[in-house]
Amino acid sequence: VISRWRPVTATVVSLLGLALAVFLTVSHYTAGAKGVNSCPFGGGSGGTIDCQAVLTSAQSTILGLPVALYGAVFFLFMLVINLPVTWRSPSLLVARLRLAAACVGMASVLYLVGVELLVVKHICIWCTCVHILQFALFMLVITGWSDTGWAASQWTEAEQDLELVD
Amino acid sequence: VIAVIIIILISALSPSGSRGALVPYQPAPTSYVKALASITPAQLTAAGIGGGQESPEVFVPTPKQSAITAISQGKKVPVLVYMGAEYCPFCGASRWPLIIALDRFGSFTGLGTIGSSPDDVYASTRTFSFAKAKYSSPYLVFDPTEFTTNVCAVAIVSNGCPNANYTHLQTPSSRDEKLFTTYDGAPYFTASTGGIPFLDWAGKYVSSGSLYQPNVITLGDSTNSLGWHPLTWQEIITALSVPTSGPGQAILGAANLYTAAICQMTGGQPASVCTTPTITQATAELPK
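If you're matching them up, the sequences are chains C and D in order. First residue of the first sequence? That's 1 in our numbering, and the numbers climb one at a time after it. First residue of the second sequence? That's 1 in our numbering, and the numbers climb one at a time after it.
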């Protein structure tokens, strides 16, 4: 039996992650628009927690697009692949894709936290929220292999085989 | 692990960080300095207050702040405190209109040319440096500090330089340092703390940030490398001859707002500058 709480929780977490990533994408662009138009300065800046410093840093874009936009696309994918109906899919490919995406997401989080701490030297609290959500998603997915539709289908097949043997 | 390596490689190869060679400090050619000092009242009038490109909200009135004054040429005059850094593109954008505005009250020597950091947003924005500048005016004293150069002392990742890692250039006076720590943050500025450029307009106003975006004086995308091409000094100076649109209007409009703020410092002196309809209009735009 596939537990119901895991797909529902993963869907909610993905939805929250998507919302925050969209917010950060918008913030990335508006941080360079009217209103916020100064350079954070090391000695007198707003301390370690400074979203503006992170969102306007040179590291806030990869290949010309904001990192937050990659995050939004990632969480959109995670939302789809974590819907309860998708968790129930008996496809091995879907289960593997979900696991691989969770691992890629977690690796990205480690990289981005490293960049924040070592290069930008500022932490954006909203980015950190996204990172925590991704960590939660990672844990939900890697501990949930037995809750995938594919695993359930294997159990069902095994039970059917046993019945046939009986 | 593979994903991390891929992401690091993409980031390292991405041009989003370093977008060109460092543009080092050089003494400003006389032609550039003269061009800025020769902006006509007609050009400034035509630019108005920038055609919607300005953010006058970078100004915050400070009615409870004591007046900042100095003795110059034998009399007590107000002081305009500027704090910025050579790496900072927003400072770079601000220096153009600031020089034009100050040229209406006095004259500069010792200006330098420089580009903002090639590793920051709005990379290598062409601008000037106040590091070795001297300003002379019967109406006010200009007290600039450029905290750092545009040279990154320690780049931790191939295309990045933390703000604190630019090489030190100038240390502000204890008075200016106190102004910076007191006024450049909440409750005066809530969007950022310690943002530069920071200016204290003789205690009348403080301002943090530039009036217009640096991408006005560049071509291409403002936040990444797509088609990135900072305008040259000569291209920007040429654009000033078209005061009704684009870079010319943004810079001259900002110069009018800066002029209006200086007029508030000087008590409306000189009248030939401060009583023009454009400056009156610009004064009305400054937050009360």
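Hints are not guaranteed to be accurate.
Unchecked claim - Distance ranges between label pairs, derived from CB positions:
(1) Ser245(D) to Gly64(C): 55 to 65 Å
(2) Leu219(D) to Phe77(C): 29 to 39 Å
(3) Ile125(C) to Ser31(D): 43 to 53 Å
(4) Ala164(D) to Trp155(C): 55 to 65 Å
(5) Ala19(C) to Lys64(D): 54 to 64 Å
(6) Gly114(C) to Thr40(D): 22 to 32 Å
(7) Leu63(C) to Glu235(D): 37 to 47 Å
(8) Ala21(D) to Ile125(C): 30 to 40 Å
To be verified - Some residues of chain C that are not near chain D, with every Cβ distance over 10 Å (derived):
(9) Arg4
(10) Val12
(11) Ser38
(12) Cys39
(13) Pro90
(14) Ser91
(15) Leu92
(16) Leu97
(17) Ile132
Don't read these hints as lab results, they were simulated from the structure. Note that the coordinates shown come from a computational prediction; the quantities given were computed from them, not determined experimentally. For glycine and all other residues, C-beta sits at the position ideal for the given N, C-alpha and C.
Hint by hint, here is what the structure shows:
{"no.": "1", "hint": "Ser245(D) to Gly64(C): 55 to 65 Å", "verdict": "27 Å, violated"}
{"no.": "2", "hint": "Leu219(D) to Phe77(C): 29 to 39 Å", "verdict": "34 Å, holds"}
{"no.": "3", "hint": "Ile125(C) to Ser31(D): 43 to 53 Å", "verdict": "48 Å, holds"}
{"no.": "4", "hint": "Ala164(D) to Trp155(C): 55 to 65 Å", "verdict": "57 Å, holds"}
{"no.": "5", "hint": "Ala19(C) to Lys64(D): 54 to 64 Å", "verdict": "41 Å, violated"}
{"no.": "6", "hint": "Gly114(C) to Thr40(D): 22 to 32 Å", "verdict": "53 Å, violated"}
{"no.": "7", "hint": "Leu63(C) to Glu235(D): 37 to 47 Å", "verdict": "28 Å, violated"}
{"no.": "8", "hint": "Ala21(D) to Ile125(C): 30 to 40 Å", "verdict": "35 Å, holds"}
{"no.": "9", "hint": "Arg4", "verdict": "30 Å, holds"}
{"no.": "10", "hint": "Val12", "verdict": "25 Å, holds"}
{"no.": "11", "hint": "Ser38", "verdict": "3 Å, violated"}
{"no.": "12", "hint": "Cys39", "verdict": "4 Å, violated"}
{"no.": "13", "hint": "Pro90", "verdict": "27 Å, holds"}
{"no.": "14", "hint": "Ser91", "verdict": "22 Å, holds"}
{"no.": "15", "hint": "Leu92", "verdict": "21 Å, holds"}
{"no.": "16", "hint": "Leu97", "verdict": "14 Å, holds"}
{"no.": "17", "hint": "Ile132", "verdict": "19 Å, holds"}
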